[in-house]
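Residue numbers for the sequence shown follow full-length UniProt numbering, so the first one is 1 and each next one is one higher.
These are computed hints drawn from the structure, not numbers from a lab. Heads up, some of the hints might be wrong.
As the list claims (entries may be wrong) - Listed next, the in silico DSSO-like pairs over lysine-lysine satisfying Cα-Cα at most 27 Å (straight line):
hint : residue 1 : residue 2
1    : Lys73     : Lys48
2    : Lys132    : Lys168
3    : Lys72     : Lys123
4    : Lys214    : Lys168
5    : Lys78     : Lys48
6    : Lys168    : Lys111
7    : Lys123    : Lys135
8    : Lys214    : Lys111
9    : Lys73     : Lys203
10   : Lys72     : Lys203
11   : Lys72     : Lys62
12   : Lys129    : Lys111
13   : Lys48     : Lys26
14   : Lys48     : Lys37
15   : Lys203    : Lys168
16   : Lys48     : Lys72
17   : Lys78     : Lys62
18   : Lys47     : Lys67
19   : Lys130    : Lys111
20   : Lys135    : Lys78
21   : Lys73     : Lys62
22   : Lys214    : Lys129
23   : Lys132    : Lys72
24   : Lys67     : Lys26
25   : Lys111    : Lys48
26   : Lys73     : Lys37
27   : Lys135    : Lys168
28   : Lys26     : Lys62
29   : Lys26     : Lys72
30   : Lys26     : Lys47
31   : Lys67     : Lys203
32   : Lys67     : Lys48
33   : Lys47     : Lys73
Claimed, not checked - Pairwise CB distance ranges (calculated):
hint : residue 1 : residue 2 : range
34   : Tyr18     : Glu175    : 47 to 57 Å
35   : Ser190    : Glu137    : 14 to 24 Å
36   : Val206    : Asp118    : 17 to 27 Å
37   : Asn41     : Asp208    : 23 to 33 Å
38   : Gly207    : Arg157    : 16 to 26 Å
39   : Ser190    : Glu32     : 35 to 45 Å
40   : Val43     : Tyr65     : 51 to 61 Å
Just so you know, even glycine gets a beta-carbon here, dropped at the ideal spot from N, CA and C.
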Amino acid sequence: MAKESFVIDHSSVLPLHYQVEDLLRKLIEQPEYQNGKLLPNEVDIAKKLGISRNTVRQATNKLVYEKLLIRKKGVGTKVANKNITTKLNKWTSFTHEMDEKGVKFRNYSLKISWEVADSELSKVFNIDKKTKILKLERVRGIASEPIVYFISYFHPRIGLTGDEDFSKPLYEMLENEHHTSAAISREGISAILADDELSEVLKVAVGDPILFRKRVVFDPGDRPIEYNVGYYRADRFTYTIDIERG
Numbered sequence: 001m002a003k004e005s006f007v008i009d010h011s012s013v014l015p016l017h018y019q020v021e022d023l024l025r026k027l028i029e030q031p032e033y034q035n036g037k038l039l040p041n042e043v044d045i046a047k048k049l050g051i052s053r054n055t056v057r058q059a060t061n062k063l064v065y066e067k068l069l070i071r072k073k074g075v076g077t078k079v080a081n082k083n084i085t086t087k088l089n090k091w092t093s094f095t096h097e098m099d100e101k102g103v104k105f106r107n108y109s110l111k112i113s114w115e116v117a118d119s120e121l122s123k124v125f126n127i128d129k130k131t132k133i134l135k136l137e138r139v140r141g142i143a144s145e146p147i148v149y150f151i152s153y154f155h156p157r158i159g160l161t162g163d164e165d166f167s168k169p170l171y172e173m174l175e176n177e178h179h180t181s182a183a184i185s186r187e188g189i190s191a192i193l194a195d196d197e198l199s200e201v202l203k204v205a206v207g208d209p210i211l212f213r214k215r216v217v218f219d220p221g222d223r224p225i226e227y228n229v230g231y232y233r234a235d236r237f238t239y240t241i242d243i244e245r246g
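Could you build the full structure based on these sequences and the hints that come with them?
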C-alpha cells in the first residue's frame, strides 16, 4: 500500500474501526506481509491515523477472529498462514483432493521398508504375526514447509514389491498396477501433542497440537487393503464434514 493511501476519512459516516479494518485488509495482501513481515504496531498505526489505539485494536481483533492475523504477545502481529481443509465426506486420493483445491503439495521425503506385522497390524489385516508387510512413509507439504506425515501399511494380498512409483497418486497406482480398488475408508481422529520425532519431521515445537488420524481402507469386498496413520499440523490443516439433517 502506498504511503499516501494509508489514511482514513475523519468526516466519513463510516465508523473509524471499519475504515481501519479495510486498511488492514489491503495492507496484509502486500507480498512482504504475506511472507511473514510483522505489521506496524498498533501505537504507530494509531498515531499515523490520528485515532485511539483502542480503535486500531478493535479492527485488528476482527481480523484475528477471522484467522487472517496472528497476534503473539511480545512479538507482534503477522498474517496467518492459509489453512488447508479436507472433507471427511469426500474421501479420495490426497493428491487429487489437494489438486482440486489448487494446493500444490510435494514430497519432502518418501521411504519404503518391510516390517514384521505386530499385534495391531495382525488384527487389522487378519494375518499371522511376523508376516512381512510393506511400509510407506511420506512427509508432504507445500513449497515452504512440511504439513502432513503419513505412514501406510499394505496387506500382502495386494502383491506390492516395493519397486512401485509411490510418487504417483496412491489409490490410482494400486488400481492400475495391482487391480486393487479402494472403496471405503473408516477413520478415527484425535488430538495429540507433538513429541520429539514429530517436532523434527513436521518442523513444529514439541508440545504443539497435532491432528492424529487412523484410517483403514477396504476394497469393494470389505477386505482391508491399507492401514494408514496420518499426522497433520493443526495450525495448517482442518478436517471438515457436512452433515445433512435426516
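| Hinted pair Lys132 and Lys168, Cα distance within 27 Å | 23 Å, holds
| request: Sort out whether Lys111 lies within 27 Å of Lys130, counting only the CA atoms. | output: Status holds; Cα separation ~21 Å.
| message | Just to be careful, I want the Cα atoms of Lys48 and Lys72 compared with a cutoff of 27 Å; is the pair within it? | response | 22 Å, holds
| Has the given pair, Lys214 with Lys168, been kept, meaning a C-alpha gap of at most 27 Å? | 22 Å, holds
| Lys47 paired with Lys67 [C-alpha distance capped at 27 Å] | Holds: Lys47 and Lys67 sit about 25 Å apart, inside 27 Å.
| task | May I ask you to test the hint 47 to 57 Å on the CB atoms belonging to Tyr18 and Glu175? | result | 53 Å, holds
| query | Lys135 and Lys168: Cα distance at most 27 Å? | reply | 16 Å, holds
| query | Are the Cα positions of Lys26 and Lys72 separated by 27 Å at most? | reply | 21 Å, holds
| query | Given the proposed pairing of Lys48 with Lys37, does the C-alpha separation stay at or below 27 Å? | reply | 19 Å, holds
| How does the Cβ-Cβ distance of Ser190 and Glu32 compare with 35 to 45 Å: does it lie in that range? | 38 Å, holds
| query | Going straight from one Cα to the other, do Lys67 and Lys203 come out at no more than 27 Å? | reply | 21 Å, holds
| query | Is the straight-line distance between the alpha-carbon of Lys168 and that of Lys111 27 Å or less? | reply | 14 Å, holds
The structure fails to meet hints 3, 20, 23, 25, 38 and 40 from the earlier list, while all remaining hints are met.
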